[in-house]
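If you read the protein sequences in the order shown, they are chains S and P.
Residues 17 to 520 in the working numbering are what the first sequence lists, from first letter to last.
Residues 17 to 520 in the working numbering are what the second sequence lists, from first letter to last.
These are calculated hints, taken from the structure and not from any lab test.
Watch out, some of these pointers could steer you wrong.
Heads up, simulated EDC-like pairs for lysine to aspartate or glutamate below, C-alpha to C-alpha not over 20 Å straight-line [claimed, not checked]:
| no. | chain 1 | residue 1 | chain 2 | residue 2 |
| --- | --- | --- | --- | --- |
| 1 | P | K304 | S | D112 |
| 2 | S | K304 | P | D112 |
| 3 | P | K72 | S | E485 |
2 protein chains.
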Amino acid sequence: MRLEVRYYDVDSSEPTVLLHDDDCVEIGVQENDRVSVSGPRSAIVLVSRSDTLVEKGVVMVPASVMAKCGIAEGDTVSVTYSQKPDSVRSIRRKMDREKLEKEEIEAIVEDILENRLSKIEISAWLTALQINGMDIEEIAHFTKAMANTGTIIKFDREPVFDFHSLGGIPGNKITPIVVSIVAAAGIMIPKLSSRAISSACGTSDFVETFCDVLIDADRLKRVSEEIGGVFAWGGGMNLAPVDDMVINIEHPLGINPRAQMLASIMSKKVAVGATHLLVDIPTGSGTKVPTLEVARNYARDLMDLGEKLDMHVECAITYADQPVGNAVGPVLEARECISILEGSKHPASVVEKACECAGIILDMAGIPEGAVRAREILESGAAYEKFMQIVVAQGGRPDLKSSDLVPGKYSFDLVSMKSGYIHAIHNKDIVAIAKAAGAPNDKGAGLIIHLKKGQRVEAGEKLLTIYAESEAKLKRARETAMKYHPMDVEGMLIKRVSSSPRGI
Amino acid sequence: MRLEVRYYDVDSSEPTVLLHDDDCVEIGVQENDRVSVSGPRSAIVLVSRSDTLVEKGVVMVPASVMAKCGIAEGDTVSVTYSQKPDSVRSIRRKMDREKLEKEEIEAIVEDILENRLSKIEISAWLTALQINGMDIEEIAHFTKAMANTGTIIKFDREPVFDFHSLGGIPGNKITPIVVSIVAAAGIMIPKLSSRAISSACGTSDFVETFCDVLIDADRLKRVSEEIGGVFAWGGGMNLAPVDDMVINIEHPLGINPRAQMLASIMSKKVAVGATHLLVDIPTGSGTKVPTLEVARNYARDLMDLGEKLDMHVECAITYADQPVGNAVGPVLEARECISILEGSKHPASVVEKACECAGIILDMAGIPEGAVRAREILESGAAYEKFMQIVVAQGGRPDLKSSDLVPGKYSFDLVSMKSGYIHAIHNKDIVAIAKAAGAPNDKGAGLIIHLKKGQRVEAGEKLLTIYAESEAKLKRARETAMKYHPMDVEGMLIKRVSSSPRGI
């Protein structure tokens with residue numbers, strides 16, 4: 017894309033002053049050490065050194081630090097060596113495979129939150145975690161420390177149920193259905209969701225096509241206590257904010273240490289005061305959890321951690337070899353989700369997954385035959401009624417219909433070149449196409465998958481319809497679809513394998 | 017210290033542009049990802065994102081990037097996603113304890129040199145190295161790759177001898193003596209030294225009090241080939257420059273991964289074309305190498321690595337429980353060093369260490385009874401003559417005398433409060449006092465240790481004399497000395513220990 021340029025008065029997230037080499041020797045600091053700059057007020061900042069860009073006797077100070085210290089150009093200030101935070105020693109202990117104490121973990125989390133650790137140090141911390149890990153006791157301390165960096169919500173009654181999906185699968189629009197069924201059963205479930213990070217559409221991305229997702233902690237509490245549930249955006253509530261800071265360092269390294277991932281999920285559940293939690297673990301090729309064995313390890317970790325945190329945790333390992341349902345993208349997923357609440361039995365995969373997950377939650381709450389009861393609540397219209405109460409409480413229209421949701425006006429059908437069976441639908445390619453079409457920012461962008469795995473397709477029949485809000489993005493999505501071949505069509509015989517190269 | 021403030025037009029070592037959150041979603045980048053900014057020319061830069069500090073449709077660009085791309089404020093530029101370097105994948109492989117291929121190691125070194133890896137990524141790399149290490153084959157590839165990032169010097173003849181000390185011990189002024197003896201024996205030894213990083217005085221810090229240390233590669237070659245030796249500063253020659261970039265990331269973490277340390281030393285020896293190398297490993301409490309076991313491991317690693325690099329490496333494990341000789345600080349060390357070359361037998365520890373090290377080098381060159389021969393060369397004045405040739409070749413005065421070197425005019429004697437024996441001299445405290453006095457920047461700053469370990473001292477007798485170039489720094493050094501108690505004085509009986517709490 018093309019953007020207009022403006023001057024950048026660079027003032028990075030890591031305030032740094034520039035000092036001459038000789039002055040650095042004098043002060044006793046090296047590159048990336050810290051100094052305290054003192055004027056009327058003082059600030060601790062990182063050091064960058066040079067023998068050409070700055071004169072001896074001068075300290076070059078960014079505007080933010082000048083403001084913080086109450087100093088201006090031409091002033092004389094005191095610049096002295098400042099020790100690195102003690103938590104750097106704990107980071108080194110983790111490099112040495114040591115088990116960290118509660119207080120050390122709290123100090124690391126606190127120092128990240130307060131910007132007292134540099135990117136270099138946080139990167140070393142995450143790398144050490146990636147390699148050497150933490151045991152469940154350390155992760156429990158880590159989880160609580162992360163939760164305590166932000167808002168902690170306290171409800172006036174218990175139990176507080178929550179539901180979380182590890183994600184990684186496109187089209188997973190079950191959350192509003194699960195919340196509506198559970199709340200309709202009289203169980204409180206204040207569900208906070210996220211927006212897409214690398215996916216085509218997070219729960220908040222499609223929910224905000226029909227109601228507000230940005231609500232504050234007070235409203236979350238009031239609506240949940242009165243109606244039994246919400247489906248709001250967690251990002252607006254300052255829950256475990258240190259987690260977001262860490263994600264920015266994990267992302268470029270392409271790592272997500274197990275300890276960090278578990279603490280990240282669970283700290284937000286601790287922050288909303290959850291007493292009971294169901295975790296959906298979508299398992300299949302092209303997702304975060306490729307095999308059943310990996311899924312079981314996650315489940316074991318989450319349940320063990322729940323025990324340490326005094327939270328009842330159960331896990332649902334769910335099928336994720338292909339997208340859930342047919343729709344991918346904000347408006348399209350919202351339409352599919354609401355149509356099921358309105359009574360549609362289609363797509364069965366969405367109905368089934370939502371009812372199974374809601375059913376486990378009902379079981380956890382002591383309601384017999386939870387899955388059967390969940391389906392009854394959905395089919396009776398009770399879930400729809402509860403859904404509409406929540407929508408209205410979140411500022412949505414009381415006359416909302418699934419048919420109100422209209423995708424982008426530019427569309428393209430991808431048709432099969434041959435007859436056969438749908439042998440595979442590649443999650444990552446589906447996501448790439450929807451993103452190329454503009455999802456999740458363009459609400460009307462996305463795609464409909466017409467045929468799912470195992471279904472028969474005739475040459476010339478539609479496989480996908482791609483929707484976009486502009487012709488340019490439709491073109492981009494079409495090109496992406498042509499490049500990736502998101503769906504494999506094969507005859508019943510996929511490949512003939514000889515038992516021996518010479519034959520028999 | 018107090019410095020004048022000037023505005024800092026911050027332009028960090030990591031060029032970064034600021035983009036609006038929505039534009040980031042559009043481009044498909046997250047914080048710390050990379051984009052390519054294209055005007056008449058293009059540049060790859062890191063991304064910082066915000067939804068408050070920058071408007072949609074705008075990219076905030078630092079001046080250096082504007083210049084690189086040939087763009088100005090108000091221009092419209094293309095900003096597109098740019099993949100992270102492939103070497104990030106190799107860093108992840110090292111996190112997973114994999115052995116890296118030659119090409120992967122070369123790519124990492126090249127990407128660090130070219131600023132293609134961010135601080136976050138380099139920190140992760142060093143942390144992975146610290147925890148998972150490298151085998152000798154990987155370290156050999158690493159060493160060669162580092163050497164190839166800078167100048168490679170080729171001499172017109174072989175063998176080329178070199179000498180290196182792991183350092184960490186104050187007062188270690190033997191290098192010019194070793195070089196002079198070895199060169200006087202007809203063996204070429206183009207010795208490059210460093211300045212102090214955390215110590216009170218590196219070899220170059222004291223050599224530059226009597227001749228130039230900054231010479232270029234051509235002059236190094238010419239002087240070495242003609243006279244047989246130099247004692248110049250390695251920092252001026254662009255040898256393995258990537259090493260310095262890495263040190264800036266290691267330092268704040270307080271780590272020095274074995275693989276990095278070995279490659280750092282050896283890459284500079286490869287760059288000067290050394291065929292034979294003696295490494296001095298000072299071993300004792302308060303140094304980098306606290307025990308004989310650790311010293312032997314270093315020696316084994318260095319010799320194994322030498323074999324892979326086709327370099328004949330030997331090691332000398334030397335005594336380092338107290339400073340070498342009596343003087344610490346640039347002028348004082350220079351004076352002590354030159355007085356020995358002039359014929360002084362004192363301090364014996366310096367004479368002995370220099371002759372032992374030179375002797376091993378003579379042995380390596382096939383000269384029988386190297387240590388005996390080294391002492392003869394020193395005592396005959398042949399070493400002094402060679403020393404003066406080198407000094408003059410490096411721009412020093414032909415009539416140089418040790419007595420020319422005069423320490424700072426402010427001095428203070430630290431006296432013993434009691435009679436007894438010198439039980440310990442603490443290396444780290446000695447360094448701290450000399451640095452507080454102004455070393456190594458103030459050439460006349462430092463200290464003389466009057467009594468060494470095991471010597472008898474009477475109450476009121478001088479232990480140390482501290483020298484400084486200003487009263488303020490002398491005061492600071494005196495306070496440091498009072499605080500640290502750098503020398504322990506005890507009776508012959510240090511502590512009486514009962515064999516049982518109840519007695520017999």
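>> If you test the structure against every hint from before, which numbers come out violated?
In response: Going through the list in order, the structure violates no hint and respects every one.
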